[in-house]
Amino acid sequence: MMSGEEEENAAELKIGEEFLKAKCLMNCEVALILEHKYEQLQQMSDDPMNQVSQVFEKSLQYVKRFSRYKNPDAVRQVREILSRYQLAEFELCVLGNLCPETVEEAIAMEPSIKTKGRAHDDDAIERMLNDLSLIKKFE
Amino acid sequence: MFYLSLIEHTLRLPPHLLHLPVDEAIKSELETLFLDKVIAKLGLCISVYDIRSIKGGFIFPGDGASTYTVEFRLIVFRPFIGEIIVAKLKESDASGLRLSLGFFYDIYIPVHLLPTPSRFEAIPNTRNQGRWIWDFGDAEEAQSEEPRFVIDGSDPIKFRVDSVIYPSIPLEQPENSKPFAPMVITGTINYDGLGPVSWWEEAEMIQEDE
Numbered sequence: 001m002m003s004g005e006e007e008e009n010a011a012e013l014k015i016g017e018e019f020l021k022a023k024c025l026m027n028c029e030v031a032l033i034l035e036h037k038y039e040q041l042q043q044m045s046d047d048p049m050n051q052v053s054q055v056f057e058k059s060l061q062y063v064k065r066f067s068r069y070k071n072p073d074a075v076r077q078v079r080e081i082l083s084r085y086q087l088a089e090f091e092l093c094v095l096g097n098l099c100p101e102t103v104e105e106a107i108a109m110e111p112s113i114k115t116k117g118r119a120h121d122d123d124a125i126e127r128m129l130n131d132l133s134l135i136k137k138f139e
Numbered sequence: 001m002f003y004l005s006l007i008e009h010t011l012r013l014p015p016h017l018l019h020l021p022v023d024e025a026i027k028s029e030l031e032t033l034f035l036d037k038v039i040a041k042l043g044l045c046i047s048v049y050d051i052r053s054i055k056g057g058f059i060f061p062g063d064g065a066s067t068y069t070v071e072f073r074l075i076v077f078r079p080f081i082g083e084i085i086v087a088k089l090k091e092s093d094a095s096g097l098r099l100s101l102g103f104f105y106d107i108y109i110p111v112h113l114l115p116t117p118s119r120f121e122a123i124p125n126t127r128n129q130g131r132w133i134w135d136f137g138d139a140e141e142a143q144s145e146e147p148r149f150v151i152d153g154s155d156p157i158k159f160r161v162d163s164v165i166y167p168s169i170p171l172e173q174p175e176n177s178k179p180f181a182p183m184v185i186t187g188t189i190n191y192d193g194l195g196p197v198s199w200w201e202e203a204e205m206i207q208e209d210e
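These protein sequence lines are chains L and G, in that order. The C-terminal residue of the first sequence carries number 139 in UniProt numbering, and the numbering is unbroken. The C-terminal residue of the second sequence carries number 210 in UniProt numbering, and the numbering is unbroken.
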């Protein structure tokens, strides 16, 4: 159940409903959140730099540098697409952060996606990586 | 890994914030209490994301300020074992590497978690500083003028989290000791794909040539 203000924020950030339920965040999502917050501070005060802590500033720098996706629509799509593949949340975020290009790379980065009993054969993983790379192409 | 964590906390609003609207005062107090702090098992607190509910406002007998119970969400950084993270080189000496994310820099790659075999090339006239070189390939190549796999900080380094500890605050700290680190990450780069990213870009290029 979202309050009116939350709905507004979500719409402004355009990250989407899935995100609001999420507990793990990808670097690109954190970048959008912190950037948005920084802009709000800029509107409220003449000197936003005074208002933010070192950790905030450096975190924003880091996530901007290491985000594969910058556009808010693309960021939302990444989570939506990965959510279709029955991944645990942290697996979704690791893949969204590191963007492996091959099935081997994906399994090396996050071996748990291939454990027995899960519906992830190589074909499924390959399809998932292809879907991700399409977002990158059209960003 | 960054997380959005739902927290419930009971806090006392100090009198100097009483002129502000309650939600602003509470936000300010939450930021003072949590930002830039490490809470064991929760991680490093980066930012207050939102406040979900504020209850209370009771004044306890003998107290000059109100107490509230607040439900809010924090953005935290909390690495997990096995996570692969990209970082920059901060220091390099005979005991290994120290890496930094900018906002967090208590990350250590000890000698035994460097790729094997590796050797250390000390920089003369510095206190213990130097660069690490991975002796991959045949002996001839290793002896050549400019070794191929050097860790010199010129590009980002991918590492895998080996352990995360939250040491307790010491009662006393001897003079000249390093500042207390509330969260310490130990990492490894002894696997395919780990280490300076340029090492693996080369490998990809070689594959394309074949």
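To be clear, the hints were calculated from the coordinates, so they are not data collected in a lab. Mixed in with the good hints, there may be bad ones.
As the list claims (entries may be wrong) - In silico DSBU-like cross-links for lysine-lysine, where the CA-CA straight-line distance does not exceed 30 Å:
id : chain 1 : residue 1 : chain 2 : residue 2
1  : L       : 136       : G       : 55
2  : L       : 136       : G       : 41
3  : L       : 70        : G       : 178
4  : G       : 55        : L       : 114
5  : G       : 90        : L       : 114
6  : L       : 23        : G       : 41
7  : L       : 114       : L       : 58
8  : G       : 178       : L       : 37
9  : L       : 136       : G       : 178
10 : G       : 158       : L       : 64
11 : G       : 90        : L       : 58
12 : L       : 136       : G       : 37
13 : L       : 136       : G       : 27
14 : G       : 27        : L       : 114
15 : G       : 158       : L       : 70
16 : G       : 158       : L       : 23
17 : G       : 55        : L       : 37
18 : L       : 58        : L       : 37
19 : G       : 88        : G       : 55
20 : L       : 58        : G       : 158
21 : L       : 23        : G       : 27
22 : L       : 37        : G       : 90
23 : G       : 41        : L       : 64
24 : G       : 88        : L       : 23
25 : G       : 37        : L       : 114
26 : L       : 114       : G       : 41
27 : L       : 58        : G       : 55
28 : L       : 64        : G       : 27
29 : G       : 178       : L       : 114
30 : L       : 70        : G       : 55
31 : L       : 136       : G       : 158
32 : L       : 23        : G       : 178
33 : G       : 41        : G       : 158
34 : L       : 64        : G       : 55
35 : L       : 37        : G       : 88
36 : L       : 58        : G       : 178
As the list claims (entries may be wrong) - Covered stretches of chain G (chain L as the covering partner; in silico rule of three or more C-beta atoms under 8 Å from a C-beta of chain L):
id : segment
37 : 35-44
38 : 57-65
39 : 107-120
Remember, it's a predicted structure, so these values are computed and weren't measured experimentally. Backbone N, C-alpha and C define an ideal beta-carbon position, used for all residues, glycine too.
To see whether the hints hold, each was checked on the structure:
1. A C-alpha spacing of about 44 Å is found between residue 136 of chain L and residue 55 of chain G, which places the hinted pair above 30 Å, so the restraint is violated.
2. Proposed proximity of residue 136 of chain L and residue 41 of chain G is contradicted: the alpha carbons are some 34 Å apart, above 30 Å.
3. Proposed proximity of residue 70 of chain L and residue 178 of chain G is contradicted: the alpha carbons are some 38 Å apart, above 30 Å.
4. Of the supplied pair hints, the one linking residue 55 of chain G and residue 114 of chain L is violated, its CA atoms being roughly 45 Å apart against a limit of 30 Å.
5. Pair hint residue 90 of chain G plus residue 114 of chain L does not hold up; C-alpha atoms about 34 Å apart against a cutoff of 30 Å.
6. Using a Cα cut-off of 30 Å, the hinted pair residue 23 of chain L and residue 41 of chain G holds, with the two alpha carbons roughly 15 Å apart.
7. Of the supplied pair hints, the one linking residue 114 of chain L and residue 58 of chain L is violated, its CA atoms being roughly 35 Å apart against a limit of 30 Å.
8. The hinted pair formed by residue 178 of chain G and residue 37 of chain L fails the criterion: a straight-line CA distance of about 34 Å is larger than 30 Å.
9. This hinted pair does not check out: residue 136 of chain L and residue 178 of chain G have alpha carbons roughly 43 Å apart, beyond 30 Å.
10. Restraint check for residue 158 of chain G and residue 64 of chain L: the C-alpha separation of about 17 Å stays at or below 30 Å, so the hint holds.
11. Distance hint between residue 90 of chain G and residue 58 of chain L is fulfilled; the C-alpha atoms sit about 15 Å from each other, no more than 30 Å.
12. Restraint check for residue 136 of chain L and residue 37 of chain G: the C-alpha separation of about 35 Å exceeds 30 Å, so the hint is violated.
13. With a C-alpha separation of about 37 Å, the suggested pair residue 136 of chain L and residue 27 of chain G falls outside the 30 Å cut-off, and the hint is violated.
14. Distance restraint check for residue 27 of chain G and residue 114 of chain L: the Cα-Cα separation of roughly 43 Å exceeds the 30 Å cut-off, and the hinted pair is therefore not satisfied.
15. About 21 Å separates the Cα atoms of residue 158 of chain G and residue 70 of chain L, which keeps this hinted pair within 30 Å; it holds.
16. At roughly 24 Å between alpha-carbon atoms, residue 158 of chain G and residue 23 of chain L fall within 30 Å of each other, so this suggested pair holds.
17. At roughly 25 Å between alpha-carbon atoms, residue 55 of chain G and residue 37 of chain L fall within 30 Å of each other, so this suggested pair holds.
18. A threshold of 30 Å between alpha carbons decides the hint, and for residue 58 of chain L with residue 37 of chain L the separation of about 14 Å falls inside it, so the pair holds.
19. The hinted pair formed by residue 88 of chain G and residue 55 of chain G fails the criterion: a straight-line CA distance of about 43 Å is larger than 30 Å.
20. At roughly 19 Å between alpha-carbon atoms, residue 58 of chain L and residue 158 of chain G fall within 30 Å of each other, so this suggested pair holds.
21. For the given pair, residue 23 of chain L sits about 21 Å from residue 27 of chain G by alpha-carbon distance, which is consistent with the 30 Å threshold.
22. Between residue 37 of chain L and residue 90 of chain G the alpha-carbon distance is near 29 Å, which keeps this suggested pair within the 30 Å criterion.
23. Our distance criterion of 30 Å between C-alpha atoms is met by residue 41 of chain G and residue 64 of chain L, whose separation comes to about 26 Å.
24. Of the pairs offered as hints, the one joining residue 88 of chain G and residue 23 of chain L holds, with about 26 Å between alpha carbons and a cut-off of 30 Å not exceeded.
25. Taken as a hint, the residue 37 of chain G and residue 114 of chain L pair is broken in the structure, with Cα atoms around 36 Å apart against an allowance of 30 Å.
26. Taking the CA atoms of residue 114 of chain L and residue 41 of chain G, the gap is about 27 Å. The hint holds against a cut of 30 Å.
27. For the proposed pair residue 58 of chain L and residue 55 of chain G, the alpha carbon gap of about 33 Å is over 30 Å, so the pair is violated.
28. A distance of roughly 25 Å separates the Cα atoms of residue 64 of chain L and residue 27 of chain G; the hinted pair therefore holds under the 30 Å criterion.
29. For the hint pairing residue 178 of chain G with residue 114 of chain L, the CA-to-CA distance comes to about 42 Å; that exceeds 30 Å, so the pair is violated.
30. For the suggested pair residue 70 of chain L and residue 55 of chain G, the alpha carbons sit about 38 Å apart, so the restraint of at most 30 Å is broken.
31. For the suggested pair residue 136 of chain L and residue 158 of chain G, the alpha carbons sit about 22 Å apart, so the restraint of at most 30 Å is met.
32. Between residue 23 of chain L and residue 178 of chain G the CA atoms are separated by roughly 34 Å; this puts the pair beyond 30 Å, and the hint is violated.
33. A C-alpha spacing of about 23 Å is found between residue 41 of chain G and residue 158 of chain G, which places the hinted pair at or below 30 Å, so the restraint holds.
34. For the suggested pair residue 64 of chain L and residue 55 of chain G, the alpha carbons sit about 36 Å apart, so the restraint of at most 30 Å is broken.
35. Using a Cα cut-off of 30 Å, the hinted pair residue 37 of chain L and residue 88 of chain G holds, with the two alpha carbons roughly 26 Å apart.
36. For the hint pairing residue 58 of chain L with residue 178 of chain G, the CA-to-CA distance comes to about 22 Å; that is within 30 Å, so the pair holds.
37. Taking a C-beta to C-beta cut-off of 8 Å, the segment 35-44 of chain G contributes 3 residues in contact with chain L, enough for the three needed, and the coverage statement holds.
38. Residues of the segment 57-65 of chain G with a Cβ under 8 Å from some Cβ of chain L number 0, which does not satisfy the need for three, so the listed coverage is violated.
39. By the rule of at least three residues with a Cβ nearer than 8 Å to a Cβ of chain L, the coverage given for the segment 107-120 of chain G is violated, with 0 such residues.
Checked against the numbered hints listed earlier, the structure breaks hints 1, 2, 3, 4, 5, 7, 8, 9, 12, 13, 14, 19, 25, 27, 29, 30, 32, 34, 38 and 39; every other hint is satisfied.
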